[in-house]
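*Asks:* Turn these sequences into a full structure, and let the hints guide you.
Those protein sequences? They're chains A and B, same order as listed. Heads up: the first sequence is residues 1 to 292, going by my numbering. Heads up: the second sequence is residues 1 to 347, going by my numbering.
Hint data in this document are derived by calculation from the structure and do not stem from the laboratory. Everything numeric in this text was worked out from a predicted model, so none of it was measured. Think of the CB as a built atom: it goes at the ideal place given N, C-alpha and C, for glycine as much as any other residue. Keep in mind that a hint or two might mislead.
[As the list claims (entries may be wrong)] Some chain A residues close to chain B (C-beta under 7 Å, calculated; not the full set):
(1) 35
(2) 94
(3) 95
(4) 98
(5) 99
(6) 106
(7) 110
(8) 114
(9) 221
(10) 225
(11) 277
(12) 279
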Amino acid sequence: MTDILQILILGLALGGVIALMGSGLSLVFGVMRIVNLAHPSLIICGAYVSYWAFKLWGLDPIATLPIAALIMAAIGVLLYRLMFESQAKSARYSEMTVLLTFALAMIVEGFLGAAFTNTQRVTSPDYATDAFFIGSLFIPKGQFYAGVVSLAIIGALTLFLNYSRLGYAIRATTQNREAAELLGVNVNLISMVAFAIGIGLAGAAGSLVSFVFSFFPAKQWEWIAMLMSVVVLGGMGSVLGTVVASLLLSVVAAFVGTWVGATWSTMTFFLALFVILLIRPQGLFGEKPELA
Amino acid sequence: MAANLQQADASSVLEARRIHNQKLARQHDQTRATWFPVAVLGVLLALPLLQLTGNYNYLLHLVLFTASYAVMASGWNIIGGFAGYISLGHAVFFAIGGYFSGVLLARYGISSLLTAPLAGLVAAVCGYLIGLITLKVRGPSFIISSIALLMIARILFDHWEFIGGANGLSLPVTDLPVETAKLPYYYAFVLMAAFTVWATYRIKHSKFGLGLRALSKDEVKAESAGINTRFYKVLAFALSAFFVGMAGAVWGEYLTYLRPNIFLIILVSANLVLMCILGGKGTIAGPVVGAILIVAFNEIFVATLGASEINIMATGFVMVLGLMFFPNGVIGTLARKGKLPRVLNWD
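*Replies:* Written as structure tokens, this is what we have:
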């Protein structure tokens, strides 16, 4: 029984981080219909920001989280201007943007690999290896803090989306782009803001990832499939769905990892993606996607 | 009586249309520069004669490498170009073909050159079964599922001890002298490339190809026009897997070892997509032109910069620039401007 509870706690803590990693992806998809395959590589960028801040100046990764988020948001604005703004009129928009972000992921991976080499990195603040003990249960402090910070950021994001004028505009654009434009929403600006927020969330997630997982530039491919399965299960574009799905899947993955074998825990995500596409392509909370 | 008359009318109309179509096809054939691809093939088949005058193994390797990518990119073109389903998981079929023939070679000593068509068939069967699942969704969801497929395959191949797991499988090295060592693979790839180009041409101009192009534009309309879209696209997926698997089989023996981190990497899939986009998606000559461009480009980069990370970055840059400024590729852009030289119009 304590075993099960223990696995559940570990799974939930990781799930919080994965939820933050996926929420930016989901937001960008919702507003702009871009499946951002470069998202994990941008998360790794954020992780490098915190890694070097910790390594060079001994700054705590959680403290440098806003900095990483801001830097990445600025990069997001730049990327939007350079790559995606001109695509809005393209006839094969969704396909084009997927391929563009895929290419972007390769550029970022190549750049990071050339700059910092493909060795495993991890920031190690004191709490990363420490744990709380409650009876016979233990909660690793690093994962716990990361999970709590993640859920706090997602909570703030939800409040922002639901109760601010900009949030209204973003949600309106998600629901119906044309109608929002008719009602006077500057759709292009909103897309840029949403893209910047999405990439900023990637940066924030990167700071947390830097001490929860070890990372290296080529790790993004594993994360792409993992985050995609979370976002697809939650329903593309639904931030709430992403949170529920990532908690669910990472708990399942934690059980699989303990009972079946560690290598099969990542497999949970990939197989889940397949099964979801097979039986419920629109995910838990999504609208019906473009079906074949 | 009236019905008979109508039937007679209908058949005569059909007959007239058939004759007209034949006339058009003949005219088209006369303006077509069929001699060009045949001449290229002739030159390539005669190229190994250079070996009599010195060692041109590097040149042969480049042609062989380009031909192998031409086979795979043309195969990818069937699903990605004709049917419009962008798959980033085709490295899986490359690996399936390579491992199938590789295991046969390692355990029973049967040359991959002989088992390559069989490897292609195995890949096609796998492709058919996978396609039944993943082709239910289109657009971004399909692309994601193809990446997931690659990740699943990577984990499976990494942990399957029978085929060597992550350490891979080494295959016997050919005992031919160095001058002729590359020749069997060279001819295999060149002939396979010729066959693939011919096959994609036939597919594009068949009823099946027409159906694929129809469903790439609008699947619902294609379905209501009486096309069995599900069967068509799954078959297209299987066919494209066939060519990629076949190339994988010969490539495995040529390389003399199989390892998941050579065959099952996303860069292989990305290269196929890149070649088709740069050359021109959905055209016959496009993937071949793309393969030539990418291999030349890769060689230049490796020769000048070396590092593999830079190579990944450069590939990404070329892809972005190509997508943003020439989304129709070399062949497509030229054709649209009416400036495509006749020798490159293979459609």
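*Asks:* Are the hints correct? Go through all of them and say.
*Replies:* Evaluation of the provided hints:
Annotation: interface hint on residue 35 of chain A holds; nearest CB of chain B at approximately 4 Å, less than 7 Å. For the restraint placing residue 94 of chain A at the interface with chain B, the shortest Cβ-Cβ distance is roughly 5 Å, inside the 7 Å limit, so the hint holds. For residue 95 of chain A, the interface hint holds, the least distance from its beta-carbon to any beta-carbon of chain B being 6 Å, beneath 7 Å. Residue-level restraint check for residue 98 of chain A holds (minimum Cβ-Cβ distance to chain B is 5 Å; threshold 7 Å).
This hint holds: residue 99 of chain A has a C-beta 6 Å from the nearest C-beta of chain B, less than the 7 Å allowed. Below 7 Å, beta-carbon pairs count as interface contacts, and residue 106 of chain A has one with chain B at about 3 Å; its hint therefore holds. Checking residue 110 of chain A against chain B: minimum C-beta separation of about 3 Å stays under 7 Å; hint holds. For residue 114 of chain A, the shortest C-beta to C-beta distance to chain B is roughly 4 Å, which falls under 7 Å, so the interface hint holds.
Interface restraint check: residue 221 of chain A against chain B, minimum CB-CB distance 6 Å, threshold 7 Å, status holds. With a least beta-carbon distance of about 4 Å to chain B, the hint placing residue 225 of chain A at the interface is held under the 7 Å criterion. The closest approach between the C-beta of residue 277 of chain A and any C-beta of chain B is roughly 5 Å, which is under the 7 Å cut-off, so the hint is satisfied. Hint on residue 279 of chain A is violated. Least Cβ distance to chain B is approximately 10 Å, over the 7 Å limit.
Violation of the numbered hints given earlier is confined to hint 12; every other hint is satisfied by the structure.
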